[in-house]
Amino acid sequence: MTPWMVLVLFFVTERSGEAVTSGNVLWSVKRNFIPDFQATGDQMAMTSVTATSGACAALCTVGDWCNSFSFAPGNGTCDLYSLQFINNGSAAVPSGDVKYYTPCKDECPQSENFIWDRRSDLCFLVVTQPAVGNSWLEANSSCAARGLALVSLNTVHKLDAVVRTLRNNPTLQGVDYYIGASRPLSRWNTAFPASGQDYRWVNGDPVDTVSARSYWAIGNPDNNFEQENVLLLNRLRDFSIHDRTATSDSPAAYICEKVIN
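Residues -19 to -1, 1 to 242 (mature numbering (1 follows the signal peptide of the UniProt record, and there is no 0)) are what the sequence shown spells out, left to right.
These are computed hints drawn from the structure, not numbers from a lab. It should be emphasised that the depicted structure is a prediction, and the values quoted were computed from it without experimental measurement. Cβ atoms here follow ideal geometry from the backbone N, Cα and C, with glycine treated the same way. Do not take every clue at face value.
The list that follows gives simulated cross-link-like pairs (lysine-lysine, BS3-like), each with its CA atoms no further than 27 Å apart [unchecked claim]: (1) Lys239 <-> Lys11; (2) Lys86 <-> Lys139; (3) Lys239 <-> Lys139; (4) Lys11 <-> Lys86; (5) Lys86 <-> Lys239.
Derived CB-CB ranges, DEER-like [unchecked claim]: (6) Pro174 <-> Gly200: 13 to 21 Å; (7) Gly200 <-> Arg168: 18 to 26 Å; (8) Gln178 <-> Thr28: 54 to 62 Å; (9) Ala172 <-> Gly128: 16 to 24 Å; (10) Thr33 <-> Asn205: 50 to 58 Å; (11) Thr33 <-> Ser192: 35 to 43 Å.
Start from the sequences, fold in the hints, and give me the full structure.
What follows is the structure, encoded as structure tokens:
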């Protein structure tokens, strides 16, 4: 069965141009989105021409790699993207008639600035305000105070979703980001054990430095001076993973995760 044959099986409902339901996915227009930078490379999955936003939504829904799309009813241009773009802060309406759609999930409310990645089913919140004292412990506490946790990037798909979101959204690129991995508190400021690095995600899973090797900065984790106890995404290294002291000497914000069913 070809993708085009699959598409005819999707039930598509359009809602006054503001939302479209395709299959079991609700796609909602993201307001005040300004396409002042264009997606290129792996950001853009494909460009097509369709008659309606519903047909464009069906194209995006058929592959879980598609995380957003834009549709121009004037000429039927349908652009599919493998990630989501963050509002650039402008209050103006989009130029022309282009509308930008992102997937919605009730447990991951866009109104509270959560991002839902369809492939990994990860719901995450990028907090750009540095943690108090640039402290990992404070970042961890801040997520907990929201009923969340520092994000556990315990699969390659989750890691890819977060890293590419940061790499492709200029408004997020001014700080490093703490993530939910640390050494056991009892082993802070000690050498790695003979078995190797002993980082764990806050959900209890061990940190895998092998299958996710391409996302790590060269030479990391290195536990420099036996004082690097936590992990962050380093803005100066294209948001690759670094081990770092629990109090950073540069602005360090954080990313929270909302566990969804």
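Numbers of the earlier hints that this structure fails to satisfy, in rising order: Numbers 8, 9, in rising order.
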